[in-house]
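Protein chains: 2
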Amino acid sequence: MKNLITRRKFGKTASMGLAGGAMVANLPFACAMGEQKKKLGIALVGLGGYSTYQLAPALQNTQHCYLAAIVTGTPAKEKTWSQKYGIPQKSIYNYQNFDGIKDNPDVDIVYVVLPNSMHAEFSIRAAKAGKHVICEKPMAMNVAECDEIINACKASGVKLGMGYRLHSEPFTQAVKRFVREKTFGDVIHVSSDAAYRSMGSPGQWRLNRKLSGGGALVNMGVYAIQSSIYATGENPISVSAQEFSTRPEYFKDTDETITAQFEFPSGATATMMTSHNIRANRLHASCENGWFELDPASTYIPLAGRTSKGPLDFEQVSQQQLQMDDFASHILYETPNLAPGEMGKRDMIIVEAIYKSIAQGGKRQELEFSNSYGFSK
Amino acid sequence: MKNLITRRKFGKTASMGLAGGAMVANLPFACAMGEQKKKLGIALVGLGGYSTYQLAPALQNTQHCYLAAIVTGTPAKEKTWSQKYGIPQKSIYNYQNFDGIKDNPDVDIVYVVLPNSMHAEFSIRAAKAGKHVICEKPMAMNVAECDEIINACKASGVKLGMGYRLHSEPFTQAVKRFVREKTFGDVIHVSSDAAYRSMGSPGQWRLNRKLSGGGALVNMGVYAIQSSIYATGENPISVSAQEFSTRPEYFKDTDETITAQFEFPSGATATMMTSHNIRANRLHASCENGWFELDPASTYIPLAGRTSKGPLDFEQVSQQQLQMDDFASHILYETPNLAPGEMGKRDMIIVEAIYKSIAQGGKRQELEFSNSYGFSK
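Chains as they are written, first to last, in full-length UniProt numbering: chain A, 1 to 377; chain B, 1 to 377.
FYI, nobody ran anything at the bench for these hints, they're computed from the structure. Some clues are possibly wrong.
Identical copies look the same in the list; a pair holds intra-copy or inter-copy alike.
[What the hints assert, rightly or not] Derived lysine-lysine pairs resembling DSS-like cross-links, with alpha carbons at most 30 Å apart:
| id | residue 1 | residue 2 |
| --- | --- | --- |
| 1 | K84 | K363 |
| 2 | K77 | K154 |
| 3 | K182 | K252 |
| 4 | K79 | K128 |
| 5 | K154 | K377 |
| 6 | K154 | K102 |
| 7 | K252 | K363 |
| 8 | K90 | K363 |
| 9 | K84 | K102 |
Work the whole structure out from these sequences, hints included.
Structural data, given as structure tokens:
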């Protein structure tokens, strides 16, 4: 828990230690009541690369949660994961018997890490099993599915969080603080790129619309949408968008490169680029009295950044560790939900508006959100 | 002349000295023929801020040209400039008697530094007077005027160059070299911002469409168009654009913020943002095997840059000094014209297409240029 507070500090102070007293102040429920809450058990649903190389290793270091169960469609993985992480047979599920998880008291949270087309089904089944839900991004295949997930979680009285790891990450939290505290004055314009160059098998599920629901936009584009929003501190009121295709033989089924432009209530504007064919991962904010930027801005590897007042410097952290601990802390200690389901739905509304703008030759689409809809400061 | 070659060297070597032998090789006409060509005389037309604070001081250090004459509509400036720079009475003109410059053997080049609406008239009058012409950017109010300037210079047999100072500037030349030599492989995507936040009198000529022909786009936007082109090494084949207005009470008459997206023959794409309301001056290229970026990318103050292979480091130079020397060298020694009139016309064709796209709600506009039109490598 040593990083829970210090990682939110700015600059060089990030590596400072903290006395126990500060923790008491920060965790009133647990400590003031003299209770020692248990660690929450997480079930990972889908044991692909992200679960294997990011989430499971991160869960070895989490303070408020641990890897309690696995759900996989690949029998061979049951044995290797069970041995590696000491998961008992009773906590190993496949996609057919998954609903039995409702009777497993070791599982508090179900983390859905499946291809996008399966997000809604398993988030809803998890909610119906009475488990809290973390859903990977993009939330679902469309806005209607997002609503179904949100409603299922409400009906079951469980918490719902998006797998938006960056909201727990110190560089991103610095960006949100700059906006909140007007460190550089009002943000006037944000430019964000979230892209990589896909060179692997064209048969991968991310390039198959039936499984992914879209291409670069629903994968990396969601980061650029997120950047545009947390770097302005507002939900957008309009978006225009364009699509570019230069390797159609490879990107047969999904969008390759998309650019979009946003307007915000304050008058701020933002431009974004996302692509499966370009290497770029950046966020730059032009402010009234200076600027700040991250590069990289949304990778798993440590982020980096600088501002008109000097470089940003935070200790290296596991984004996934912090994210899952923050969600568990939300359940255990009623700390804020940094990436609620409404945030995932809001981003899907924007994704749909971007595709609609492209279909209409770049026509500006109005967006309507309440001022705080899906927002976390 | 000590910088003429060394400033084109990459990185740390930029400050290395050069032996005279290299100069002989570089200037075959002058040296091989054993002639000592004279310095060319420049007449500055329009003595506003740019002439006063950039061009005239730069002309005190140029090797191939010098400040020979002034043309001003403000009588008070005649005396101060004459005293400060030792300009003889016979080489001082106003806008009415300007055509008499044809009989002034001290003047070889007329540099038009007037408000945009006067570029065509004075470039054409200069050409008719038999003088070589440098025309500030944007070239004119529209493409038709660009053609008139180009035709007038052709008819008179004089050289025509744009005031695009960056083509003589070492960071920009490094960018062009990276593209030419594929230092980072093919360029896949370019992002460029050229903008400043206008807070001065709303009565300034740049915000008056009759004098400027447009707002941010024809002023700073031309730099972003230029960046997109020299950082991809190609002329674009299409453009889409959007306009944003957030301070209409200040920007009553001209565009405030414009974004645009380009496609290039190779499949590269570019996005640009220009504004009179945002502070940003950047160029970033995502390549097959790395990246390079400049920030600032087009200011008068020294540029700065970095690449995936390390930082860029060049000695500080006067961009205007190098630019005017390069144009004089083009006349004297037949070195390349780094920013020919066709380049200015090409950019104005793009400006008109951007305004047309905006008028059509962001509709993609096709652009047709020959592969090399207006290009300098």
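Quick rundown of the hints versus the structure:
no. : hint        : verdict
1   : K84 - K363  : neither (52 Å within a copy, 55 Å between copies)
2   : K77 - K154  : neither (33 Å within a copy, 75 Å between copies)
3   : K182 - K252 : between (44 Å within a copy, 28 Å between copies)
4   : K79 - K128  : within (27 Å within a copy, 87 Å between copies)
5   : K154 - K377 : within (22 Å within a copy, 62 Å between copies)
6   : K154 - K102 : within (17 Å within a copy, 84 Å between copies)
7   : K252 - K363 : both (24 Å within a copy, 24 Å between copies)
8   : K90 - K363  : neither (53 Å within a copy, 58 Å between copies)
9   : K84 - K102  : within (24 Å within a copy, 88 Å between copies)
When each numbered hint is compared with the structure, violations occur for hints 1, 2 and 8.
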